[in-house]
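Asks: What follows is each chain in one-letter form.
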Amino acid sequence: MKRKNVFPFCAVIGQDNIKTALILNAVNPSIGGVLISGQKGTAKSTLVRGLAALLKDTEVIDLPLNVTEDRLIGTIDIEKAIKSGQRSFEPGILMRAHGNILYVDEVNLLSDYIVNCLLEVSASRVNHVEREGISCCHPSSFVLAGTMNPEEGELRPQFLDRFGLFVEAKGSEHPAERKEIIKRRLEYENKPLEYIRRWEEETEKLCDRISKARQLLASVKVSESILKLASEISTEGNCAGHRAELALIETAKAMAAFDNRKYITALDVKNAAELALPHRIRKFPPQCMHEKKTENDKLEDDIENSNKNTKGTDETEENESNKEELQKQAENPPHMNPWEGMESPACVENSKGDGNDESVEDKIEAPGELYQIKPLNISAYDKKMRKGSGKRSRTKTSSLQGSYIRYTFPKGKVKDIAFDATLRAAAPCQKSREAGGVAVSIKSSDFREKVRKKRTGNTILFIVDASGSMGTRKRMKAVKGAILSILNDAYQKRDRVGMVAFRKDRAELVLGITRSVELAEKSLRELPTGGKTPLASGLYTGYEVLKAAMVKDPDIIPLIVLVSDGRANVSLKNDNPVEEALSAAKTIRAEGIRSLVIDTENDFIKLGLASKIAKAMGAEYLKLDELEQKEIESAVRSVI
Amino acid sequence: MNRMKKVYPFTAIVGQEKKKKALILNIINPLLGGVLIRGEKGTAKSTAVRALAELLPEREQVCDCLFGCDPNDNSSMCDSCTEKKAKGQKFGTVLSKMRVIDLPVSATEDRVVGTLDIEHAIKYGEKKFEPGILAHSNRNILYVDEVNLLDDHVVDVLLDSAAMGVNTIEREGISFSHPAKFILVGTMNPEEGDLRPQLLDRFGLAVDVVGERDTAQRMEVIRRRLEFEEDPDSFALKFEGHQQELRERILSACQMLKKVRYDDIILDMAARISIELGVDGHRADIGMIKTAITIAAYNHREFVSGEDMLEAAELVLPHRMRRRPFEEGVMELSRVEGIIEAYGVKSN
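Read top to bottom, the protein sequences are chains A and B.
The first sequence: position 156 = 156 (my numbering), numbered continuously.
The second sequence: position 193 = 193 (my numbering), numbered continuously.
Bear in mind the hints are in silico, worked out from the structure with no lab data behind them.
Incorrect hints may have been included.
Said to hold, decoys possible - Per label pair, the in silico range of CB-to-CB distance:
hint : chain 1 : residue 1 : chain 2 : residue 2 : range
1    : B       : Lys238    : A       : Asp112    : 18 to 28 angstroms
2    : A       : Asn576    : B       : Thr215    : 57 to 67 angstroms
3    : B       : Glu58     : A       : Asp57     : 24 to 34 angstroms
4    : A       : Glu194    : B       : Gly241    : 26 to 36 angstroms
5    : B       : Tyr343    : A       : Asp416    : 55 to 65 angstroms
6    : B       : Gly241    : A       : Lys191    : 21 to 31 angstroms
7    : B       : Glu58     : A       : Arg197    : 28 to 38 angstroms
8    : A       : Asn116    : B       : Leu149    : 54 to 64 angstroms
9    : A       : Asn190    : B       : Glu341    : 24 to 34 angstroms
10   : B       : Glu192    : A       : Phe409    : 46 to 56 angstroms
11   : B       : Lys123    : A       : His98     : 28 to 38 angstroms
12   : A       : Asn190    : B       : Glu227    : 44 to 54 angstroms
13   : A       : Asn190    : B       : Lys238    : 49 to 59 angstroms
If you're wondering where the values come from, they're calculated on a predicted model, not measured in any experiment.
Using N, Cα and C, we set each Cβ at its ideal position, and we do this for glycine too.
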């Protein structure tokens, strides 16, 4: 079904950045596509569709989220195989996308497996097909356009880098503009065809300008000084690899051509940098951070770094002044989307030492600010099939629920038959088989099974130290900020969460395991501090809660996050409190529950108890101020 | 449906005016974008949606079309209807009622988007598309009970087609797309977990329901329920008058809809409200105006009033208030009221 009515591209008010980025890509496909990130309801998709309607020779090919591998890459033509016994290639989306725009709405929700295929093809511009007895390859070079809402989770760094340009979509703040937006939309909905016709002239004009620019593009000269400028800007921004410069130059070329010029100005480069660099700039030069890593790791981390650190930077000053400016912006990314908070001031405040004050008085401290935490990719230990849904840990699934992404050869009894693949396997043999009244005879050797994939969310249990020592010098503020940040992450990954707090003489289940991260946040906000530190009791309670949850649903992947300074001073049964805590930690380890210890100790004299407990528990160990995603080295990731 | 099991009549539901209104407005104007009903258990959420089926108007659709295309709407026709029309073929049309299509929480992705027709493939060695739930829901109501428990990847595909009004299938050897414009109606119990903001925003309206607090009302609820269970037929008969009245009112509102006018000041108001309350994107503004127009039509007025705007804001904004993950999305109606009053249009 071809989309007949689309809201006219020119009739969209504002969003100039998106429009420019799209037009530039239409002028010069070598730019490498565009990623539009932003709030819901800001004409992201409308503009991409609008562009397609505008360009007569370029199509927009949709890549729906439900795509399976065979349709993406292409496969054997079943009908032909059955009727004539010939193996012939039936092209997939990648073939159709050649020379066109490949559009992925909600690109951050695309299954990893499909992303891998896309990465490979978009890098090599050739699609190699080796499957089901088909062996062929065809060129597939396309402009990748994606839209996403960052609230739904981030994009893989390597995938992010494939997009030539990055623009942020935001709603308008001007009443007059908003009014006009409503008006136009309503008019359009009332009489779509008439409305489109009304904008025809404008559309025609833009279309002409684009095709003129295309012709001019080849004759746009790139001077030495422009090349130098571009590479200087990229170096200053610590961009990974050379894709940044290339995108920068190609974008500047397209800008010049669109302006009907054959030369590039410094302003073109500056404007191009605003589009091509935001997702590539990062804070630290890579070499000082991971010297020991292998080449491969390094590349990946570099890209990752560029993503995590400086998503928000989108303004670049002219050449000379931009050194400082970039550096400054990179360190303090402007607060662009609500989900990616700035560095928490609470952590800084916190770095002074304080006494071990055991006031019994209860107080409730407001949490510190949210920030992006390091990735907590805790994957399942085993190859157990799991049910359940979520986005953190990938697991193969045996239920018929996951998303069907590819097929495999069945082992044992076929339960979840991949009919399409089975048919394809049987098709070429039809000529030589007896058909008993049906067109296709299928033998058991043809059977293929579906491979479904889904991510299961973890079940994260927070064990929070709420004793008096946590209440001093705003330490609890930082702790709450940290937990909230993890909760924020948990929300995006659809984890289930629970919370145990311990203080005074015992531990208490503040919140049973729930899917509502909001409830967890609420109970955290209201959590009082004061009293002694019954750490062992906290650990045991947590252990019991998770154990019960595991009995109820064996499919969950449990994770304990212990937030404490480890200074246990209340025992369960008149023993040494620290020893007791250590033995509780060992019990948890023995059960195979994964854990993470966040050490809040920042006193002048460090006892290092939390790290001992982490060791006993086999836990990943992080200091409170290390949790924030400001450095690339991710200790947590190494566990996997 | 009638012959199988009597449905509890819509008009017999006690109280819950806001919820009923939201549902009715969506029938009058399918472009409003659906309703999300949030509330505790046992507050007649599902009952109301199912009861809606009885009230739904009849509309023209192409005979034998899998997707029930509208013969007069060229822009959202499926491929085969478009082809027929282009060739100048006449197609037969039938009048049929809008339906409520269920999307069970356990639905698998292939049943939702549609898949390869296995039987056809084996018998004839040809590929054929077997339509899924999204195909059936074109021009109908898609009802998801406990929408917050829906599997993640099903939500993803649902988002995809809800946004575009088109379902694109690229799976299991099938490459196909068809119109899927539906009114999304979801119910959920917030205690069970939250809905993702992206999906939340796709619902045009949202209402929060609570059980009746008034004893007399509560008693009336029980009385009617018992009476219905005892003898559904005569109970339904008792309310037939009300039902008919409502049906007619909906029908006349549908005709009225195109005639409703609004002042420039109303647009101003919508923009101002959205800015002041800090709502993401522009979907809220547009939704507010459309809802206000529909309310005016329902009240048989040709002009949108400030009062309509207030009522619309109450339905359109609550689920769009949240800006940050953990900030409670509280909607301050008094602020909306203030803004509307400031424009000199009486809101009362």
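Asks: If a hint holds in the structure, say so; if it doesn't, say that too.
Replies: We went through each hint and held it up to the structure:
Between Lys238 of chain B and Asp112 of chain A the Cβ separation comes to about 58 angstroms, which falls outside the hinted range of 18 to 28 angstroms. A hinted range of 57 to 67 angstroms holds for the C-beta pair Asn576 of chain A and Thr215 of chain B, which are about 60 angstroms apart. Roughly 44 angstroms separates the CB atoms of Glu58 of chain B and Asp57 of chain A, a value that falls outside the hinted 24 to 34 angstroms. Look at Glu194 of chain A against Gly241 of chain B: about 42 angstroms separates their beta carbons, and that is not inside 26 to 36 angstroms.
The hint said 55 to 65 angstroms for the Cβ distance between Tyr343 of chain B and Asp416 of chain A, and at roughly 60 angstroms that hint holds. For the pair Gly241 of chain B and Lys191 of chain A, the beta carbons lie near 38 angstroms from each other, so the given range of 21 to 31 angstroms is not met. For the hinted restraint 28 to 38 angstroms between Glu58 of chain B and Arg197 of chain A, the CB-CB distance of approximately 32 angstroms keeps it satisfied. The hinted window of 54 to 64 angstroms between Asn116 of chain A and Leu149 of chain B is violated, with their beta carbons roughly 30 angstroms apart.
At about 29 angstroms, the beta-carbon gap between Asn190 of chain A and Glu341 of chain B stays in the expected band of 24 to 34 angstroms. Glu192 of chain B and Phe409 of chain A have their C-beta atoms about 39 angstroms apart, which leaves the hinted 46 to 56 angstroms range violated. The hinted range of 28 to 38 angstroms is satisfied by Lys123 of chain B and His98 of chain A, whose Cβ atoms lie roughly 35 angstroms apart. One distance hint, 44 to 54 angstroms for the beta-carbon pair Asn190 of chain A and Glu227 of chain B, holds here, with the actual separation near 45 angstroms.
For Asn190 of chain A and Lys238 of chain B, the Cβ-Cβ distance of about 41 angstroms falls outside the hinted range of 49 to 59 angstroms, so the restraint is violated.
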